[in-house]
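Chemist: So you can see what is in the structure, the chains are spelled out below.
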Amino acid sequence: MTAYIIRRFLYAIPILIGVNIITFLLFFVVNTPDDMARMHLGQKRVTEQAIEKWKHERGYDKPVLWDSQAEGKNKITNTIFYQNSVRLFLFDFGRSDNGRDISYDISQRMWPSLSISLPGLFLGLFAYITFGLTLSFFRASYLDIWGVVICVMMMSISGLFYIIGGQFIIGKVLHLVPISGYDTGLDSIKFIVLPVLIGLVGGIGSSTRWYRTIFLEEMGKDYVRTARAKGLSEQMVMYRHVLRNGLIPILTGVVVILPLLFMGSLITESFFSIPGLGSYTIDAISSQDFAIVRSMVFLGSVLYIIGLLLTDISYTLVDPRVRLQ
Amino acid sequence: MMPVIFITDGLIFLLLMMVFSFVWYARGQEHLRAPWRTVARSPMAMGSAVILFFYLLIGIMDSIHFHPQLENVNNEEQQYSTKILSLLDVTVTHLREQDEKTFSAPFAAHAYSKETIEVSDGSTLREYPRLNYGGAHLSDPDQGKTIDIILKSVVGVIIGLIVWCFVSSVIVFTSKCRTSLSFMGVVHSMLKKNNDIPWKVIHLTIGVVIVSLTVLLYLSNYYHIFGTDKVGQDVFYQSLKSVRTGLVIGTLTTLVMLPFAILMGLMAGYFRGWIDDVIQYLYTTLSSIPGVLLIAAAILMSQVYMDNHMDDSIGLAQRADIRLLILCLILGVTSWTGLCRMLRGEAMKLREMDYVQAAQAFGVSQFRIILRHLLPNVMHIVMISIVLDFSGLVLAEAVLSYINIGVDPSMHSWGNMINSARLEMAREPIVWWSLAAAFVFMFMLVLAANLFADAVRDAFDPRIRGA
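Chains X and H, in that order, are what the protein sequence lines are. Reading the first sequence from the start, the letters are residues 1 to 325 in the numbering used here. Reading the second sequence from the start, the letters are residues 1 to 467 in the numbering used here.
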């Protein structure tokens, strides 16, 4: 087991290097640092000195990949690629365009994101599994058919409409909770309720339908027939056998997004002005702050890879049939 | 008229040609026809297909672009306007040109906000001014508007019914050519209860769509049926123009990613060894970057690139078009990995099959084996993923445009409509019509696509087919 985990860790390293190369290509090769300096300082009327100064402040005045003037080892290390990559791997994201420390911002902003996404995930799982199990219990009845029809219709509505509609009805018409904003401590609950609820409703369509399929697939298997043949009641079959086995694919599917919960959701957070990582990224995108976007891309990939790792481990824990190769 | 072909236009027509040639090829192949016949038997799928067809029609009409002719003043050389219009623009000229000053509600005759109006005797008055076009034919909108709308709708319904009769009889005539039945005989067989193909549903859906289209179009001559937006543009026109954007994103993205996904997936599964390792590494790396962030980064960088390197001679419309294409490319890059992984798994299973082994024993070249023996046997997976991806992509466009990394802000799209309408939610009375229009148009397209996709999946998926 330990050897397997270590091997998986080692396998993650080349992938991270690949991610780093892709982001580097996107942010430094498609547009040279000169282009970016021009964009930030204004398109046309900008002096050479200003560009040089901008580049020097950020350390972008070095050669991109290979410094032919330097001696020995410095040929590689004294480049933008090396300097930036090493820093990313040490999780030192440097400074954003307005001079703030990105690592500090991230460490501050991940908690609000988590306070939305974590309850959303657990309440969602509970609700969707309940709905999915109910529909598959009453399979081929009118409840099931109409449930699926409603699911397909809910799937066809853009998530934006759920947010806009929810904000309008609950926040503006009924005045139950504030429309947007965030607070620290216990006061934050009234701000969290609405985004969590809307996230929950928005996911009903696809998740319920998917879980229903999983449960139905499980119900077609031989062990369920055996359980019924033994004379177990249908409720017993559902809870003891179908639910438990159906949970394997559902939970292992959830594990992969666990680390990504820190990143929050871009759309939800910007609609509800929650100072999490999602709105951080959105702000960076709209103000074209490349240092932040680049850090977020890298951080997101790291978290996703950790998620994949956790998935593999959870598979082996839940299902002993999975062999460790 | 001087035709202009945008890059996405060209790709759309290429795609259409591919679809037509596939249909033509599939007609002769029983194993390809069988699953489609299953699709054709499903009433839900055929109803959705009719709706999709009408969307497609609007999209294609909007993809034929040209410079309109300028009026020839003094017998000189033919002059063309610098403006670029599409066939759809010309068809609904009244919608495009009848701009108001600012917001107005659906079917309104008065503007949304009060203005100072000068009365003939010199004094001024704060009042809701009459609209330039919406309800302008009415002398007293407070009195006769409801009756006028009802009357005009009835006229629209009658026109719609006539058009429907015409279209339906064309369909009957074309199917009459294949049978020996008379015209009424075909009608009778179509109305029979246990028909192979749900003709009743098809004709009914066509009728509903045509009638509602004609009513809307007829009414739009006299009113702004979905209101107008901040700059006074008709919202119905915007929604119609957005159809093309949605379709382009939904289809071209798939077209862009398919060759990569198919080739790489099959190669990885068939050759194994180092090729498999490289391809697996490639898609694991790509898929480990969260999609939205990769799209954001790529769109940001391409914007900077376009600003710095593109000629000023390229018009705004072309620029928006190139950005749309880039968006499709990036969406394609982020979405091919799932299909690639599935195809790899399938190819790994298929390469152990007897017929592939036999082909290898006969010395058939590797490339031919992939093309002749593997590709046709994974087509059902490809087909399912094409139709399943479509609705997700249409929805993704709205979200991406909302965070400004989607299509160009100058391009009509449902995402841009929602985005600009969202900022007006705080107004009193609330400006809801842009949202409503975007909602209705998007919902119908995505719902139809979802239902159609379900039918296609059920028909193609061998696991379900066997049961």
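By construction, these hints were calculated from the structure, which means they are not laboratory data. Watch out, some of these pointers could steer you wrong.
Said to hold, decoys possible - Between beta-carbon pairs, the in silico distance windows are: (1) H/THR82 / X/TRP111: 53 to 59 Å; (2) H/LEU87 / X/ILE145: 40 to 46 Å; (3) X/GLU57 / H/GLY345: 47 to 53 Å; (4) H/LYS83 / X/ASP61: 24 to 30 Å.
Remember, it's a predicted structure, so these values are computed and weren't measured experimentally. Glycine is no exception: its CB is placed at the ideal position from the N, C-alpha and C atoms.
Chemist: With respect to the beta-carbon atoms only, verify the hint that H/THR82 and X/TRP111 lie 53 to 59 Å apart.
Modeler: holds (54 Å)
Chemist: Are H/LEU87 and X/ILE145 spaced within 40 to 46 Å by their CB atoms?
Modeler: holds (42 Å)
Chemist: Does the Cβ pair X/GLU57, H/GLY345 satisfy 47 to 53 Å?
Modeler: Holds, at about 50 Å.
Chemist: Does the Cβ pair H/LYS83, X/ASP61 satisfy 24 to 30 Å?
Modeler: Roughly 46 Å apart at Cβ, these two residues miss the hinted range, so it is violated.
Consistency note: the structure conflicts with earlier hint 4 alone.
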